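Colleague: Listed here are the chains, written in short residue letters.
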Amino acid sequence: TQLLEQSPQFLSIQEGENLTVYCNSSSVFSSLQWYRQEPGEGPVLLVTVVTGGEVKKLKRLTFQFGDARKDSSLHITAAQPGDTGLYLCAGASDTGNQFYFGTGTSLTVIP
Amino acid sequence: KAGVTQTPRYLIKTRGQQVTLSCSPISGHRSVSWYQQTPGQGLQFLFEYFSETQRNKGNFPGRFSGRQFSNSRSEMNVSTLELGDSALYLCASSPGQGRADTQYFGPGTRLTVL
Numbered sequence: 003t004q005l006l007e008q009s010p011q012f013l014s015i016q017e018g019e020n021l022t023v024y025c026n027s028s029s030v031f032s033s034l035q036w037y038r039q040e041p042g043e044g045p046v047l048l049v050t051v052v053t054g055g056e057v058k059k060l061k062r063l064t065f066q067f068g069d070a071r072k073d074s075s076l077h078i079t080a081a082q083p084g085d086t087g088l089y090l091c092a093g094a095s096d097t098g099n100q101f102y103f104g105t106g107t108s109l110t111v112i113p
Numbered sequence: 023k024a025g026v027t028q029t030p031r032y033l034i035k036t037r038g039q040q041v042t043l044s045c046s047p048i049s050g051h052r053s054v055s056w057y058q059q060t061p062g063q064g065l066q067f068l069f070e071y072f073s074e075t076q077r078n079k080g081n082f083p084g085r086f087s088g089r090q091f092s093n094s095r096s097e098m099n100v101s102t103l104e105l106g107d108s109a110l111y112l113c114a115s116s117p118g119q120g121r122a123d124t125q126y127f128g129p130g131t132r133l134t135v136l
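Chains A and B, in that order, give the protein sequences. Once you know that position 94 of the first sequence is 96 in this note's numbering, the rest is easy, because the numbers rise by one and skip nothing. Once you know that position 13 of the second sequence is 35 in this note's numbering, the rest is easy, because the numbers rise by one and skip nothing.
Treat the hints loosely; a few may be bogus.
Stated by the list, open to error - Below, computed lysine to aspartate or glutamate pairings styled on DMTMM-like, alpha-carbon distance capped at 20 Å:
id, chain 1, residue 1, chain 2, residue 2
1, A, 59, A, 73
2, A, 72, B, 123
3, B, 79, A, 96
4, A, 58, B, 123
Unchecked claim - Okay, the calculated beta carbon distance ranges per label pair:
id, chain 1, residue 1, chain 2, residue 2, range
5, A, 58, B, 74, 34 to 40 Å
6, B, 105, A, 55, 44 to 50 Å
7, A, 11, B, 81, 19 to 25 Å
8, A, 41, B, 63, 15 to 21 Å
9, A, 112, B, 63, 33 to 39 Å
10, B, 75, A, 95, 18 to 24 Å
11, B, 101, A, 113, 42 to 48 Å
12, B, 104, A, 110, 28 to 34 Å
13, A, 40, B, 66, 16 to 22 Å
To be verified - Reference excerpt, derived from the structure (chain B facing chain A, CB under 8 Å, subset only):
id, residue
14, 33
15, 64
16, 65
17, 67
Quick caveat, the hints were computed from the structure, so don't treat them as lab data. Bear in mind the structure is a predicted one, so any value in this text is a computation, not a measurement. Backbone N, C-alpha and C define an ideal beta-carbon position, used for all residues, glycine too.
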């Protein structure tokens with residue numbers, strides 16, 4: 003059983019479209035991170051959210067942490083081929099001793 | 023500043039053999055974590071080291087072991103390899119004391135077990 007479930011698992015869209023990726027759990031996290039991983043590389047941190055309800059923007063990417071700190075979403079506006087990759091959410095337990103990665107969302111943006 | 027380096031990048035072994043993977047963290051980082059990534063299971067946590075001490079361990083059999091040296095470099099060893107051990111093994115270093123801190127990943131070692 004995965005502690006952090008991401009949906010959708012796979013997503014293939016046309017350049018210019020918008021999309022949202024979800025990261026859900028029944029557990030509360032003290033912080034949540036989003037990573038992007040490109041083929042042949044390790045994941046790269048995009049953002050960390052720590053406060054319930056927090057919204058952070060990174061150019062065309064908008065990240066939101068749920069009010070109850072159990073879920074998060076990543077919204078991409080006007081997707082570009084360079085956004086292609088595996089998106090991973092990761093959460094830290096309240097104690098900070100446990101850290102879990104989500105199941106991942108593989109995004110393909112078609113030119 | 024150089025990133026996290028992992029050696030070797032690719033490795034092919036046969037069942038029953040053992041393998042040692044190496045990770046050099048970013049200079050100044052004392053926390054190193056190891057993960058196994060497979061298409062079916064995603065990113066699974068193996069172990070976490072800080073200042074040569076193992077702080078946390080994931081749910082993997084005893085065939086998987088690791089250590090960290092005084093210069094923060096880390097190695098992981100897998101003995102008696104099984105086909106299911108084929109995976110991308112990722113190492114990450116952190117400037118803080120744990121995985122909840124920002125982690126910087128290396129490119130990984132792709133292990134294939136035949």
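Colleague: None of the hints should be skipped; say for each whether it holds.
Modeller: Each hint tested on the structure:
1. Among the hinted pairs, residue 59 (chain A) with residue 73 (chain A) is consistent with the structure: their alpha-carbon atoms are about 17 Å apart, no more than 20 Å.
2. A threshold of 20 Å between alpha carbons decides the hint, and for residue 72 (chain A) with residue 123 (chain B) the separation of about 19 Å falls inside it, so the pair holds.
3. About 18 Å separates the Cα atoms of residue 79 (chain B) and residue 96 (chain A), which keeps this hinted pair within 20 Å; it holds.
4. Between residue 58 (chain A) and residue 123 (chain B) the CA atoms are separated by roughly 18 Å; this keeps the pair inside 20 Å, and the hint holds.
5. A hinted range of 34 to 40 Å holds for the C-beta pair residue 58 (chain A) and residue 74 (chain B), which are about 35 Å apart.
6. In this structure the supplied range 44 to 50 Å holds for residue 105 (chain B) paired with residue 55 (chain A), their Cβ-Cβ distance being about 46 Å.
7. Between residue 11 (chain A) and residue 81 (chain B) the CB atoms are about 22 Å apart, so this pair conforms to the stated range of 19 to 25 Å.
8. At about 18 Å, the beta-carbon gap between residue 41 (chain A) and residue 63 (chain B) stays in the expected band of 15 to 21 Å.
9. Between residue 112 (chain A) and residue 63 (chain B) the C-beta distance comes to about 28 Å, which lies outside the given range of 33 to 39 Å.
10. Evaluation of the 18 to 24 Å hint for residue 75 (chain B) and residue 95 (chain A) yields a pass: the beta carbon distance comes to about 20 Å.
11. Here the CB-CB span from residue 101 (chain B) to residue 113 (chain A) is close to 46 Å, well matched to the stated 42 to 48 Å.
12. In this structure the hint that residue 104 (chain B) and residue 110 (chain A) lie 28 to 34 Å apart at CB holds, the actual value being about 32 Å.
13. Between residue 40 (chain A) and residue 66 (chain B) the beta carbon distance is about 20 Å. The supplied range of 16 to 22 Å therefore holds.
14. The closest approach between the C-beta of residue 33 (chain B) and any C-beta of chain A is roughly 15 Å, which is over the 8 Å cut-off, so the hint fails.
15. At about 5 Å, the closest approach between the beta carbon of residue 64 (chain B) and any beta carbon in chain A falls short of 8 Å, and the interface hint on this residue holds.
16. Interface hint at residue 65 (chain B): satisfied, since its Cβ lies 4 Å from the closest Cβ of chain A, which is below the 8 Å cut-off.
17. This hint holds: residue 67 (chain B) has a C-beta 7 Å from the nearest C-beta of chain A, less than the 8 Å allowed.
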